[in-house]
Amino acid sequence: MKSAVITFPGSNCDRDMDVALRKFGFKNKMVWHDDAELPKSDLVVLPGGFSYGDYLRCGSMASKSKIMKSVTNFAASGGMVMGICNGFQILVETGLVPGVLLRNKYLEFICKNVFVKINNKQNTYFKDIKNDVLEFHIAHNEGNYFCTKDQLKEIEDNEQVAIDYCDNNGKIEEQFNPNGSIKNIAGIFNKKKNVLGMMPHPERMIDPALSGEDGSLFFNNLINNLK
Amino acid sequence: MIVNEQVAIDHGLKKDEYSKICELLKRTPNITELGIFSAMWNEHCSYKSSKLHLKTLPTKGKQVIQGPGENAGVVDIGDNDAIVFKIESHNHPSFIEPYQGAATGVGGIMRDVFTMGARPIANLNSIHFGSPQHKKTKNLLRGVVHGIGGYGNCMGVPTIAGQTNFDSSYNGNILVNAMTLGLVKKDKIFYSKAAGLNKPVIYVGSKTGRDGIHGASMASASFDEKIEEKKPTVQVGDPFTEKLLLEACLELMAGDSIIAIQDMGAAGLTSSSIEMASKGNLGIEINLNKVPCRESKMTPYEIMLSESQERMLIVLENGKEDEAKKIFDKWNLDFAVIGKTTKSKKIELFFDDEQVASIPVNTLVENSPMYDRKWKKAKLPKKNKIKKEDLKNLKIIDVLKKVLSNPNVCSKEWIWQQYDHTVMGDTIQKPGGDSGVVRIHGTNKAVAASVDSSAVYCWAHPLTGGKQVICESFRNLISVGAKPIAITNCLNFGSPENEENMGEFVECVQGIGEAAEYLKFPVVSGNVSFYNQTKEEGIKPTPSIGGVGLIKDYNKMITMDFKKIDNIVLVIGKTEGHIDQSLLARNVLDEKNGPPPEINLFNEKNNGETLLRLIDSGLIKSAHDVSIGGIITAVSKMCIKGNKGINLKKPKYLINEIEYYFSEDQGRYIIEVSKDSLKKVTDILNKNAVHYDELGTINENLLFINEKSKVTIDELRSSNTNWLINYMSK
Chain A
1 MKSAVITFPG SNCDRDMDVA LRKFGFKNKM VWHDDAELPK SDLVVLPGGF
51 SYGDYLRCGS MASKSKIMKS VTNFAASGGM VMGICNGFQI LVETGLVPGV
101 LLRNKYLEFI CKNVFVKINN KQNTYFKDIK NDVLEFHIAH NEGNYFCTKD
151 QLKEIEDNEQ VAIDYCDNNG KIEEQFNPNG SIKNIAGIFN KKKNVLGMMP
201 HPERMIDPAL SGEDGSLFFN NLINNLK
Chain B
1001 MIVNEQVAID HGLKKDEYSK ICELLKRTPN ITELGIFSAM WNEHCSYKSS
1051 KLHLKTLPTK GKQVIQGPGE NAGVVDIGDN DAIVFKIESH NHPSFIEPYQ
1101 GAATGVGGIM RDVFTMGARP IANLNSIHFG SPQHKKTKNL LRGVVHGIGG
1151 YGNCMGVPTI AGQTNFDSSY NGNILVNAMT LGLVKKDKIF YSKAAGLNKP
1201 VIYVGSKTGR DGIHGASMAS ASFDEKIEEK KPTVQVGDPF TEKLLLEACL
1251 ELMAGDSIIA IQDMGAAGLT SSSIEMASKG NLGIEINLNK VPCRESKMTP
1301 YEIMLSESQE RMLIVLENGK EDEAKKIFDK WNLDFAVIGK TTKSKKIELF
1351 FDDEQVASIP VNTLVENSPM YDRKWKKAKL PKKNKIKKED LKNLKIIDVL
1401 KKVLSNPNVC SKEWIWQQYD HTVMGDTIQK PGGDSGVVRI HGTNKAVAAS
1451 VDSSAVYCWA HPLTGGKQVI CESFRNLISV GAKPIAITNC LNFGSPENEE
1501 NMGEFVECVQ GIGEAAEYLK FPVVSGNVSF YNQTKEEGIK PTPSIGGVGL
1551 IKDYNKMITM DFKKIDNIVL VIGKTEGHID QSLLARNVLD EKNGPPPEIN
1601 LFNEKNNGET LLRLIDSGLI KSAHDVSIGG IITAVSKMCI KGNKGINLKK
1651 PKYLINEIEY YFSEDQGRYI IEVSKDSLKK VTDILNKNAV HYDELGTINE
1701 NLLFINEKSK VTIDELRSSN TNWLINYMSK
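Respectively, the protein sequence lines represent chains A and B. Using the working numbering, the first residue of the first sequence is number 1, and each one after it goes up by one. Using the working numbering, the first residue of the second sequence is number 1001, and each one after it goes up by one.
If you are wondering where the hints come from, they were derived from the structure by calculation, not from laboratory data.
Derived list of chain A stretches under chain B, where covered just means 3 residues or more per stretch with a C-beta under 8 Å from a C-beta of chain B:
hint, region
1, 53-64
2, 104-114
3, 195-206
Pulled a few chain A residues facing chain B out of the computed Cβ check, cut under 10 Å:
hint, residue
4, P9
5, G10
6, S11
7, N12
8, D14
9, R15
10, W32
11, G49
12, H137
13, A139
14, N141
15, L210
16, S211
Here are some chain B residues the structure puts well away from chain A; computed CB gaps all over 10 Å:
hint, residue
17, L1024
18, L1052
19, T1056
20, D1167
21, G1196
22, P1292
23, E1323
24, K1343
25, S1344
26, D1352
27, P1369
28, D1372
29, N1393
30, K1483
31, D1616
32, N1706
Bear in mind the structure is a predicted one, so any value in this text is a computation, not a measurement. The beta-carbon is built from N, C-alpha and C at its ideal position, and this holds for glycine as well.
All chains should be modelled from the sequences, with the hints used to inform the complete structure.
And the structure:
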């Protein structure tokens, strides 16, 4: 399987994502934001970081990069595009997934492990994952997902919510919501479920010596589903 | 502007320093030249009061590749890998403007590290604030934490450890010390020594603005009521640009076009160009019209003294300009050839086709003032007057809860959760342990780092305090299974012109030197920050020590959380019952007099090295050093982290349990061992003449003391975690 990770100026989880993808068997290529064309890929990843220093709005300037035209076309043709953290913010700014990401409710950057419940397994990202609850890791300042009532209805009707913040038993309550996201939403799909944006970093959970191993579950499953 | 003695004094120079300048130049300097002298001769850049004493520190060792004198120290960790590291203060700016002050402190220290060709892999910090009740403390704390996070998080470098202390002596002068570790291949280390004639001198990074002018001079004086007026001397950071600068520099460094490279930190273009020239025994000629400026009509004086951030000066090989420019263009950074190296051994500046400065480099560096300041030796204080009966009346669990919720002991999770501590995917020990640990990417090796200070001990007796803080750093590394390699020190003190403050400095340095020498734990980098005082009131002497150690196989790393019910808990090292200057004495009994605990370097080394061997043999399940709050505080933290309890047996000696549990004798560690390996462990301890006591056995979730009193671990956890959260949310 071939993957591509886009490096924007200020991306800082691009290497981590490259390491993770290669560890689970992807042939990964790093792609510069100023390139016009994507290499032939089965998965395109927009990594975490602070593209363009988060100036203007997080992800806003990166969404206008040269490469994003290619990414948008790739997504429109059904290609798999995943945005993690700042990558999610870029997806939102591009309009590839609905909604916006606001500043965290308590106005502070949060770096910690969280539990997320998989809300929808009818897609290439989560199909066949046995667990319903995964332990992931977040590190962000603007992860407070928000959308209008109408949008929310549409998202829910289309089953576009991918994962929700919860406790270790999968209970979804406000007290387990780290950033104030509407309905505890941690990640969402586009309508066709080929584009996924999420705040948690699965690439930081791929080794028992690190914060945990549920990221390994996720990547293993993903490459198997793509095969 | 005409230069005279008064103008020199306004620049922070002393009368005799000004006459020396005129004598060296054999004429009166012009204003640009005077600005350059004032920047190079201030305390911050010249180390004029500290040099004499710093020379006494041990700086060499088998693993030391580069000691003090470069942008950072470098140590060998085997397999052609080396760690570049340094700690630096940003105290004065952080007190004036906490967010930017702290942020640029972090940015500056990372630049020092990547200037040497190393990719930063971990950040640490040591921050000290005034009393929690002081009106400024909360906002300063919030601002500093946001600033540290704002810069480090954006750079994508994990912040893996740190310390936060509160003491009223910092009410008028907070301390912000930032440390960075970087990883470099031993044969790809870059230095600041210029070499060769007519080599292009290149300016890269951000444009030069009018910010931070006189920053270094500001950091070389005490504060008074006019501190608000000093805001313009604080630099403004842009971590995004620094991230680009990091990537561009490392890309350029992969080739072979760089002869020398130096970041523009304190005193900006002035100190960077002079340092490169001085080390290379060369001259440098700069055309200031070529310097990329953010604002129009900047004068030579402003360009030379600006402390705009995220800039570097490079001496390139001839003919490599285009190749280098391409890289900086790709990263959207300024690139300008601003001058060349010359044989004149002078720093020569041109502006609008006129020479605006011409100063022999040696007058600025070798001939800079050096003072043998007067200092007062501190006496060892007399024992305090706490009565044994008073101790007997205390209830252990009440005291324990008080100690665990003390601002200097309580959990700092509220702080470190705001720092990205997992980016780069190699953090295997997060903040909140004895040391932070990161793997060397793609290998089985890991480096541990910790930052420590013990201002209370240093204040009570500087010589003992200086030794203690080195030992504490040594212990924190050993507690995670790392072999201590070397340290970096950030020496924060009051005014060197005050004999008592100077005495504190001299004796702390003596203590540091003595302990570092004995433990083979050399000093490879650091900085000195004097004048940490508002008007006449100085801070407690606060050397911050950043220690670095190596774990050869990270699978052998140890954490402090208790692992398994029924395992046995021991304390290594003898408990003598030293209560003076302990948290118990100072904060519970309100007795601030008395000597700090004594340091026995032989025991320190023997206990530490023996424990390291036990860890290496896989016999230890968890370990934690005993520091402020004594044995019971250390054990409680291990319970809280591991979510387990302990049955503490009655101590065999020191009948007074309060003394046994809360005293702060040195050289001690708590260790957890399985029942099966207990005999093996105690045999090894006995064979090495290491004293130990058996403390008790791990249970499910209660702390039992001598079968008499008990408390749940949840209750202890709330005492430990709630204070800071409540304080910050009020």
